[in-house]
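Letter by letter, the chains look like this.
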Amino acid sequence: MFDGREPIYLQIAEQIRAQVVSGALGEDEQVMSTTQYATTFRINPATAQKAFAELVEEGVLYKRRGLGMFVAPGARERLLERRRASFFAEVVDPVAAQARVLGIPLADVVARLEQRFAADGDPSHTADDGAAAPSAPDHPQEDPR
Amino acid sequence: MSFAVEVRDLTVRYGRATAVDNVSLRLEPGVVYGLLGRNGAGKTSLLSTIAAFQRASSGSVLVDGEDPYENARVMAGIALVREGGDFPEEKVRGVLDFAARLRPHWSAELAAELVDRFELPLDKKPTQLSRGKRSALGVVVGLASRAPLTMFDEAYLGLDAPSRYAFYDALLADYAAHPRTIVLSSHLIEEVERLFERVIILDQGTVLLEEDAEDLRSRGRTVTGPQDEVEAFVTGLRVVGRAQLGRTLQVTVVGDLPPGAEQRAVEAGLELGSVPLQDLFVHLTSKGERR
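Just so you know, the protein sequences line up as chains V and C, in that order. Take the first sequence: its letter number 49 is residue 49 in my numbering, and every next letter is one higher. Take the second sequence: its letter number 193 is residue 1193 in my numbering, and every next letter is one higher.
Bear in mind the hints are in silico, worked out from the structure with no lab data behind them. Idealized CB from N, CA, C, for every residue including glycine. One or more of the hints may lead you astray.
[Said to hold, decoys possible] Dumping the calculated SDA-like pairs for lysine to any residue here, alpha-carbon to alpha-carbon at most 20 Å: (1) C:K1124 <-> C:A1111; (2) V:K63 <-> V:A53; (3) V:K63 <-> C:A1177; (4) C:K1133 <-> C:D1123; (5) V:K63 <-> C:A1176; (6) C:K1133 <-> C:E1089.
[Claimed, not checked] Just so you have them, the derived chain V footprint on chain C, three or more residues with Cβ under 8 Å: (7) 1172-1180; (8) 1192-1204.
Just need the whole structure built from these sequences, with the hints factored in.
Below is the structure:
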C-alpha cells in the first residue's frame, strides 16, 4: 500500500478523495484518525496530518475539535465537478497521444468507446458493430492523478 | 513533553581521528528524525555527545536550552538506547525497576505490555539473554521511559523481523499518544523510512543534508529510455547514477525537475520512476559521488 513515486501524503489524500467519490465515505462521516493511519500503514502521524490539511484546504474534509476529521457536506459533488473539468486534459488527451504513437486510428478508439458505453448499459449510446473493435492496449494509460 | 536540541559547531575527535566535524544542527521538539549514515559516518559519536555520554572536543550541545553534561534534570529526560544496551548488572526485572526510578515519565503499563510482546524473561540477567532479547530489552526501556528526547542508535537492528515490526508499531502508537522528540539512527533504511518526518544524512562526520522526508523522497528520479533522448533530457540536472542495458539508459537524478519536464519526458518516450530513499542514500554517500 502507498507505493510509487508520489509522496505518501498525496497518496493518502487521493485515496480519501476516491472513497468520497465512490460513496464509501459519506457526508459527515468520520475519517480514520492520524493515529489509526500511522499504526495501520506504519507511517509518521505527521504524514497523515499533511494529507488532512490538504483536504481541509480543498473543502473535502472539516475538523471537529477534539473529535477528528469528517467529510464535508457537498464534498463528493465538488470532487466530481473538478474531475469532470480535468477529464479531457488528464484522461482523454493521453489516450489520444498513446493512440497516435501506436498507430491506432481514431475510428477504432471511438468504436471502442461506443462499445464500452453500450456494454455498461448507457441508453444514449449504441455500439456500431460494423468494424471489429481493437483490443485494449497491454498497458492502458493510467489516470495520472 | 519534548526537548529541542541545538548543536553548534560540534567537533568530536578521538586522538587524530575526527568523528564529528564541525556539525551544526537543530532538532525540533516532537519530531521523529531519521539519522542516516554509513558505518563510521559519526552517528554514534553525535548521539552520544547529545546524550552527554561523552564530551565535545569543541562546539556546544544544548538540550531543552541547557548543556546536558552533568545536568540531572536534562539527563533524566534523555534516553539513548545503544546496540547491546547499557544495563546495570541486575535481572531484567531490576533493570526495569532501575529505569522506573530514573525516568520521571516512566510508564510501567507500557513496559509490562512490551515485556509481554517481546517475551522477555524477567528473572534473567541481560548478559544471559540472546542478542535479539537484549535488543528488545533496550527497546522496552527506551520506549517506556517516554523521555522527551528518545534516541535509538541502531538499537533495534538486533531484533528479528517480526520483533522489529512490533517495535515500529509500538513506537508509532506511543508516539502518537505521547509525542516526543525521537531520533532513529540506521544504515538500513527501507523498513524505517516512513516513520521519519525529517531525515538527517551524515557523511564522514558532516551533515550532508537535513530535510523533510517526503521532500527528500520526491527529489530523486530515474529517467529511462533511448540513450540519446535520456542524455538530452538530463543535461543540466544533477546525475548521481547511471545504468546501461544495450541502447537503453537509466539515469538517476536528484533535485527538482524544471517546469514542463514531465510533459517533455512523456513526449520523448521516456519513463520517469521513483528512487527509494535507500537508493538515494546509497547514491549520495557512495564514494565518488560525494560533494
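So, going through the hints one by one against the coordinates:
Between the alpha carbons of K1124 of chain C and A1111 of chain C the distance comes to roughly 16 Å, so the proposed pair stays at or under 20 Å and holds. Proposed proximity of K63 of chain V and A53 of chain V is supported: the alpha carbons are some 10 Å apart, at most 20 Å. Our distance criterion of 20 Å between C-alpha atoms is met by K63 of chain V and A1177 of chain C, whose separation comes to about 19 Å. Restraint check: the Cα-Cα separation between K1133 of chain C and D1123 of chain C comes to about 13 Å, which is no more than 20 Å; the hinted pair holds.
Pair hint K63 of chain V plus A1176 of chain C holds up; C-alpha atoms about 18 Å apart against a cutoff of 20 Å. For the proposed pair K1133 of chain C and E1089 of chain C, the alpha carbon gap of about 16 Å is at most 20 Å, so the pair holds. Here's how the region 1172-1180 of chain C fares: 5 of its residues keep a CB closer than 8 Å to some CB of chain V, so the rule of at least three is met and the hint holds. Judged by the Cβ-Cβ criterion of 8 Å, the region 1192-1204 of chain C is covered by chain V as claimed, because 4 of its residues qualify and three suffice.
Consistency note: the structure conflicts with none of the earlier hints.
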